[in-house]
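Asker: If you want the building blocks of each chain, they are given just below.
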Amino acid sequence: MAGADGDDSLYPIAVLIDELRNEDVQLRLNSIKKLSTIALALGVERTRTELLPFLTDTIYDEDEVLLALAEQLGNFTMLVGGPEYVHCLLPPLESLATVEETVVRDKAVESLRKISQEHSPVDLEVHFEPLVKRLASGDWFTSRTSACGLFSVCYPRVSSTVKAEIRQHFRTLCSDDTPMVRRAAASKLGEFAKVLELEYVKTDIIPLFTALASDEQDSVRLLAVEACVSIATLLPQEDLETLVMPTLRQAAEDKSWRVRYMVADKFSELQKAVGPEITKNDLVPAFQNLLKDCEAEVRAAAANKVKEFCENLPEDNREQIIMSHILPCVKELVSDTNQHVKSALASVIMGLSTILGKDNTIEHLLPLFLTQLKDECPEVRLNIISNLDCVNEVIGIRQLSQSLLPAIVELAEDAKWRVRLAIIEYMPLLAGQLGVEFFDEKLNTLCMAWLIDHVYAIREAATSNLTKLVEKFGAEWAQNTIVPKVLGMANDPNYLHRMTTLFCINALSEACGQEITTKQMLPVVLKMSNDQVANVRFNVAKSLQKIGPVLGSNALQTEVKPVLEKLASDSDMDVKYFAQEAISVLDGNFSLQMVQPAFLLLQIFLRNVRSVETPDPVDEAYFVPSPDQTCRFFNVLQNSCQNQPLAEYIGKWGLPVVFFQLAFYPLLIHKDLVWLAAPEEMKVRMLWSVLTSEEHAEQNRIRLLTPALTLTAAGM
Amino acid sequence: MNVREKKERQSGEPCMIWDATLESLAWKSRGWEQVCRYQDLEPADSSMEEENETRKINNSFLRDHNYATEADIISTVEFNSTGELLATGDKGGRVVVFQREQESKTQPHRRGEYNVYSTFQSHEPEFDYLKSLEIEEKINKIKWLPQQNAAYFLLSTNDKTVKLWKISERDKRPEGYNLKDEDGRFRDPSTITTLRVPVLQPMDLMVEATARRVFSNAHTYHINSISVNSDLQTFISTDDLRVNLWNLEITDRSFNIVDIKPANMEELTEVITSAEFHPQQCHTFAYTSSKGCIRLCDMRQAALCDKHCKYFEEPEDPSTRSFFSEIISSISDVKFSHNGRYLMTRDYLTVKVWDLQMENKPLETYQVHDYLRGKLCSLYENDCIFDKFECVWNGSDSVIMTGSYNNFFRMFDRNTKRDVTLEASRENSKPRAILKPRKVCVGGKRRKDEISVDSLDFSKKILHTTWHPHENIIAVAATNNLYIFQDKVN
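Chains as they are written, first to last, in full-length UniProt numbering: chain A, 1 to 716; chain B, 1 to 490.
Any given hint could turn out to be false.
Taking CB as the label site, the calculated pair distances span [what the hints assert, rightly or not]: (1) A:62 with B:457: 46 to 52 Å; (2) A:288 with B:304: 23 to 29 Å; (3) B:304 with A:488: 34 to 40 Å; (4) B:304 with A:316: 41 to 47 Å.
Rather than coming from a laboratory, the hints here were simulated on the basis of the structure.
Given the structure is predicted, the values throughout are model-derived calculations rather than measurements.
Glycine residues also receive a C-beta, built at the ideal position from the N, C-alpha and C atoms.
Produce the entire structure from the sequences given, and follow the hints as far as they go.
Answerer: Written out as structure tokens, the structure is:
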């Protein structure tokens, strides 16, 4: 692996291995996250014989380390030598599947499920299935709960005798002593039923389902409701009545509100699973009962489902069922004593109008909407307002506007800023539906008032609200109604309001376009550079940076630059800093037009390749750019790609991303640079493909890895 | 416990042999012998020699009564579900866990000895800056979780914060560094020619305690009890006015299921004194109040349990009514029996057993120290009347035990209606010493071996006791001492 004379390129991996047991959790975590790199350096043989046995005994560690480990092992197949050796991963995952921490166990099970697919049918029976059995008959319930999630992945691929054993194990777990295990079994019941042959669904699953659904603990019973959905989809329609419905009926009337809540929560799924006929006969009355339940939580869950339930009713007599059965209950809920119930209803009730049509909506639903718009609880009113679009389609919003306006005004002036924030978010939607005239007349003043709200979050939201409005109504509208008011605030005695002007300009410049920005906004911004408050001044610098791209290059050179240079020599440190930043960014804009970035990249890449081929320390030092060079280059690159992910931007130049990554390893040694956006997994795969190509000697492989590892050490 | 007994217990039938043993040994009141006593529980090495050392030293401290500090006072004591472990908490926020010695052939007399297994600081003193309140580190309650893997878990709470602790063993440690020698010196990086993967080597057993979860910021008032649900998923924590329901895995959210805080605090007439889950029915829990009543709630009925489903209260006898009636009727502890049929409550003077099916009066009432009835006035003056005594069932629910003053504790046999007073004290606490029953006499003639009411020491009180879940082993906390007794081995 390395020369006898010692090789410092082993050093980073040695560090990484030693840090697997560092006292600092963070370092251990970092190390575990680079486990694939360690395995790569060790080679498949040593990974199997040394690394994995060590990891198997590492279950003493902190949860986060174990979680990372469990996740890593799911992607380890290639690193232990491919599918024929994948069973080597079972021991460490088995021990992880017995730890007490649920998230770790779940992750271990997830990884086990993943690698089970990579087992050959023989290996599955020889290695995987015995593991499942061991877990299923483990002493501690932690291992038995983990087993529940593994049956369904190995069942379809094993012989019929083993299948029978698996079914037996599952049966045993369903009647386990500990509720934890029964819960795990109940939650996997549906999944297991899906992979079973239909005859066994009837003979095995149904009795288990019935037993779990009448378990003494309600925490188990409620999980059976979920299983009910998947079981009902598996069975032919004629069997549903006898096999599933008794249990479902019982659950809908369970003594425990938590079980009824679960039924309400899963109602749409249940409805789809059992089909229209049973829905009509059974589910409609059940749903009525849930809407009238004595527990508010259940009513709220049912209220949430009103629209979906009605939508999914069979079309032939949908209207009749809604009008005679559902609507009366809905009417009662409108004046429910519990505000959560009312607000759950308010979030869906508008959807009924599309189902019921114009006449019914005006006659029956409109009064309900109006009542809810006057509800004492702001959340109810908000929910109605946020769903106005459904009504708009059916009857037009004008019907409501008289009641709407007072409701909006009241919410807009609500004492709780979160309520104000919520209504602001609906403003663009409302504006779109009410039209520009109505808006100018009634709502514009509100939008302006929010700009000087005493809560920053409101002012901020109001600013972005303006942007959305301008997008909706156009630049001309902005020029006439908004811009003058915004610019007027530049002379406000309160510096916070003056800053709001700047924020608005930042937000609006793009939507308003070059002309308005240059002619109307820029002069104001430039004037504000003389403001006596430093916060305003450095925000001027930030604004200039922001609106720079919108301005013409003429304006940039003649007007913006002098001001920024002046600010760059300001007495205040922050002002200076932001001015300099703006200058360098705006400069970047010019320089990028001149430099061909692809060319630059290619150069760096070639240098890198050469350094690999000639591992001369002097040479290498020469080719690694200085921190200054790197930073400068990176700034340019960052600014030119604006908001796009870096990799995507570079991709446009036609270089393969791998080249790019390799090219950047030396650059990234200077750690304050941004690490590439690619997810960890992708990086590994890319590296893998480069490293396994035969062109590189083993020596060079390690050398190539080194920069990546240095990054790790730098905490990137 | 022998194999036969174990089988019988598992099959769920009452264990007759066990009761018979109890009868013949315990109730002739010569059967309880002392096995261990601990105090000033130092984080001790688990090796026996060390342990003896420590105890010897402690014994010499004994003579100086003032040596034990306030922080050493034991504030809770609890066996785990197998009885293999025993945990104590103290006013200094420490938790000490004892493990039962395995029976060994060479030292048969060691049977049942409990030795220090792990000691850790569970809670630290804190200061709530928003309310200008000091938060004591004192451990109010410890509850063990049923064992789920090789590690042990317990919940400990002070006035405000519940913590979940994991106590685990480690007997292997990784060896072999790449960058360091065996003796820890750094190697020259240029000499590294191969990579070494660490190898796990056996080492001396190490017991670690780690805080796995912290359940905080949910209580405005002082937490008086915690109880783990039989669904193994949730637990409740109870303060003076509220009961909160937690999921053991979620620390940032709890559900308030009982809230008796009136809109106007001046209308406050009672506070919650303790609460416990039913041992089998995961939806049932009981909470007690300072008015002497017990409310049973069914969590299936509604998300909020403000409405109880059963209400247990004994109507007051007007003839005994006095200024202290309300204070002494306040319930200080409630325990469901292991079989889930009965509730036991402790008030200042009595222990009562209630049948869950009978709400209007208790099934049995036992006088713990009725001789104090005449001294309530002075007990009020020295605040003793507000002491909160706990009570426990034995494994088969046939005997109950609770504490009293003067380091006395009481046991009542529910079948034979016999009772006994025993004393946990330094004077008669040589290992293997047999406890003598004590008697308190009221009024004139004092017989030999009796002690007069007036000479009882009210500063020595036994508030916290616990009974091994299957065997006749009890642990009694007397201020800073922990006494462990078992019925005599034949």
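Asker: Could you run down the list of hints and mark each one as holding or not?
Answerer: Hint check results:
1. A:62 with B:457: 46 to 52 Å: holds, 49 Å
2. A:288 with B:304: 23 to 29 Å: 24 Å Cβ-Cβ, so the 23 to 29 Å window holds.
3. B:304 with A:488: 34 to 40 Å: violated, 53 Å
4. B:304 with A:316: 41 to 47 Å: The hinted range 41 to 47 Å holds for residue 304 (chain B) and residue 316 (chain A), with Cβ atoms some 42 Å apart.
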